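Chain W: place on chain U using the hints.
One line per chain: the protein sequences are U and W, in this order. The numbering of the first sequence is our numbering, which starts it at 331 and goes up by one. The numbering of the second sequence is our numbering, which starts it at 9 and goes up by one.
FYI, nobody ran anything at the bench for these hints, they're computed from the structure. Incorrect hints may have been included.
Listed below are the simulated SDA-like cross-link pairs for lysine to any residue, each with C-alpha atoms no more than 25 Å apart in a straight line [said to hold, decoys possible]: (1) U:K732 with U:A451; (2) U:K651 with W:D101; (3) U:K651 with W:V88.
Which residues of chain W face chain U? A few of them, derived with a C-beta cut under 7 Å, are [stated by the list, open to error]: (4) L100; (5) S121; (6) G122; (7) G141; (8) T142; (9) T201; (10) P204; (11) E206; (12) I207.
Computed from a prediction, not measured in an experiment: that's the story for all the values here. Glycine is no exception: its CB is placed at the ideal position from the N, C-alpha and C atoms.
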Amino acid sequence: MPPEPPPLVFTSVRLLDPASGLDAPGELLVRGGRIADLGPGPHARPEGAMVVDGAGAVLCPGLVDMRVALGEPGFEYRETLDSAAAAAAAGGITTLAALPDSRPAIDDPALVHFLRMRGEATGSLTVLPYGALTRGCRGEEMAELGLLREAGAVAFTDGARTIGPARLMQRALAYARALGARIVQHPEEPSLAEGGAATSGELATRLGLPAIPACAEAMQVARDIRLAELTGGAVHFAHVSTGEALGLIRAAKARGLPVTCDTAPPYFDLNETAIGDFRTYAKLSPPLRGEADRLAVVAALADGTIDAIASDHQPRDADDKRLPFAQAAPGGAGLATLLGVTLAQVHGGALDLARALGLLTAAPASLLAAEAGRLARGAPADLCLFAPERAWRVAAGALAGKAQNTPFDGRALEGVVSGTWKAGRRVFG
Amino acid sequence: MSGSVRRHLLAIEGMQPSEILSLLDLAENYALLNRSGKTQRDLLRGRTLINLFFEDSTRTRTSFELAGKRLGADVINMAVATSSVNKGETLLDTAATLNAMHCDLLVVRHGQSGAPSLLARKVDAAVINAGDGTHEHPTQALLDALTIRRRKGRIAGLTVAICGDITHSRVARSNIHLLGALGARVRVIGPPTLIPAEIGRLGVEVFHDTPAGLAGADVVMALRLQTERMVRGLVPSAREYFRFWGLDADKLAAARADALVMHPGPMNRGVEIDSAIADDPVRSVIKEQVEMGVAVRMAVLDALARSARRHAA
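Just chain U, with the same shape it has in the complex (with noise of 0.2 Å):
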């Protein structure tokens, strides 16, 4: 381990902590990796205490990504732990939590070991694995889930496929209750899911491509709430992308059921037409959706529908995206971006930055029963300092990180990472 950094102090920084609901001017002084004081300030300096001036900037808890996919293990062409990493911070994020369909699947319990001590070993990064929730993530037998979950798993699932067969899913809610933990779904009915490339209508018809009709999210959603209601099990609905899956979430909440979800930035900020002209890195799962589609998940994002936003970064090479659309992976690269998207909701009026700033930080890590995504004495020093209004560019290919693929390419957006630190140690900026 390397020695213990001098104590930190952040001058001049808007504090926003979602969780308190703190939004102020002030100042915040770090100590052992861990939060010493906050507040107004000025506060005492220590001896031999480095000093960041934020002039100005927010200084908010770490990010905490919900849902990422690793290159590693088994997929290095893609992404490692340490260009993730190395995103990951550029990205503000300091948590995140990790897809278990690697090579092989998280479904060991050394595996969940391995990924945590990975994470530690980049210095940068806590990772969360979620554990596979059948063997291989093939969505036959149920994995060791009681292993799995006492080696740290954050919760189950199977990745970026659906839990299929009704049966299988109504026995991992039951099981998985008894653990206290969630099952986390790709909600898309897998028949109709199954070679589509895009969301069905016009856009799909024009361009000649085997299409995906909406509803497919709907059907499963409605299902696995069904399922919840029977077992009493939890269950977490990720990327959600449809008006409708949305209205039966809410209807789900309002009647108490264990049903949440989150959303990805590309369902808040992308509509069909990004993938206009084949573009393969607009081609996601579950695909982009209409216009309604869209304004109903920022509608869902404002009134509370939707837990949290998670960046879904599913790392590609160049080889899995330079095919014919419908032949191309789908996924796309999301840790640097998650921030700035997100924020671009916030200067569109439709989120105060507390609230956005919250689905991306205590609100996440909740979820996920971490401790992180707090601005509090004690709490990880996990930070991120950001400039709101400072405008960039995303351009494919000057992205942190090696994964380059991201469905945002050209986008303006604004709101810059100035510097990421994970336990008091700066690690970006």
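Quick look at chain W alone, frame taken from chain U:
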């Protein structure tokens, strides 16, 4: 990809009516030239045309080959079975190879929608889409329009019924765009499983009942039904399909007495079209479509070669 400086022919969608009409006029001249037995072998002399076919095709490939040769181009056929694509080479590796060969005109047929656009971004040659997946088949729509215009004297105001598997038809899409751009009323007829729910947004009227859809039609186009559609459960059987959507004399009686019958080929006789209709010497213009195919492809090669020269200048 605009107007007179078009580098590639990838799709009918987005083409201006004036651009379509000038191609049809040029093709009309080539149709006359072909009938006169003359050639224009100096026009593409020294130019290389490569037919890159990732899907089997006899008719379209031969038509492009003949068009290229009549204009004096050096024509090379690359079929998927003999190319290195089967050895794991990617589409873009193929593009790099073609660039190194200094190909001028690249005719591409591919089973995937959008593959010619992908190639067009990477090759120096002018790319002509000879059919991509279920997206477009622009030269087929042009030759259909030329055939109709020669027989009917116009396109605007005609009622054209396209019958069959619309969902999987690149011919249907290109024809819908082209005929709509030139002012025809377009109808599509077929079983609900073979018509995309959103096709109406492309400006067509949808019918599931064949006689109702054919009522008053000036032109009737049958589309090929691929047998794999039945395997995938989209229609129960060939005989059921023929009973309700196959073109026969009974159903065709609903169309105008002078209605033209067209088919892009190759035909499944007794599935989407009855032999008596396909071979009807008065109504069927299926052979003329083949003839016009060569003329249209000569016009397209000519126009793109001219455009390439302007780009180079």
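TODO: Would you check whether S121 of chain W satisfies its interface hint, that is, whether its CB is within less than 7 Å of any CB in chain U?
DONE: Where the cut-off is 7 Å and the nearest Cβ of chain U is about 4 Å from S121 of chain W, the hint holds.
Open item on the list: Restraint: G122 of chain W near chain U, CB-CB cut 7 Å. Satisfied or not?
Closed with: holds, 3 Å
Task: Restraint outcome when L100 of chain W is required to lie within 7 Å of chain U by C-beta distance - done: Cβ of L100 of chain W sits 5 Å from chain U, so the hint holds.
Task: Hint consistency between K651 of chain U and D101 of chain W [alpha-carbon to alpha-carbon, up to 25 Å] - done: holds, 14 Å
Task: Hinted pair K651 of chain U and V88 of chain W, Cα distance within 25 Å - done: This hinted pair holds, its Cα atoms lying about 22 Å apart.
Task: Distance restraint between K732 of chain U and A451 of chain U, which requires alpha-carbon spacing of 25 Å or less - done: The hint holds at about 18 Å.
Open item on the list: The hint names T142 of chain W as touching chain U; please verify it with the least Cβ-Cβ distance against 7 Å.
Closed with: Hint on T142 of chain W: holds, closest Cβ of chain U at ~4 Å, below 7 Å.
TODO: Closer than 7 Å between Cβ atoms is the bar; does T201 of chain W clear it against chain U? Give me holds or violated.
DONE: violated, 13 Å
Task: Hint check, I207 of chain W versus chain U [nearest Cβ-Cβ separation less than 7 Å] - done: holds, 6 Å
TODO: So, P204 of chain W near chain U? Judge it on the closest CB pair being under 7 Å.
DONE: holds, 4 Å
Open item on the list: The hint names G141 of chain W as touching chain U; please verify it with the least Cβ-Cβ distance against 7 Å.
Closed with: Holds. Min distance 5 Å.
TODO: Closer than 7 Å between Cβ atoms is the bar; does E206 of chain W clear it against chain U? Give me holds or violated.
DONE: holds, 5 Å
Hint 9 from the earlier list is the only one contradicted by this structure; the remaining hints agree with it.
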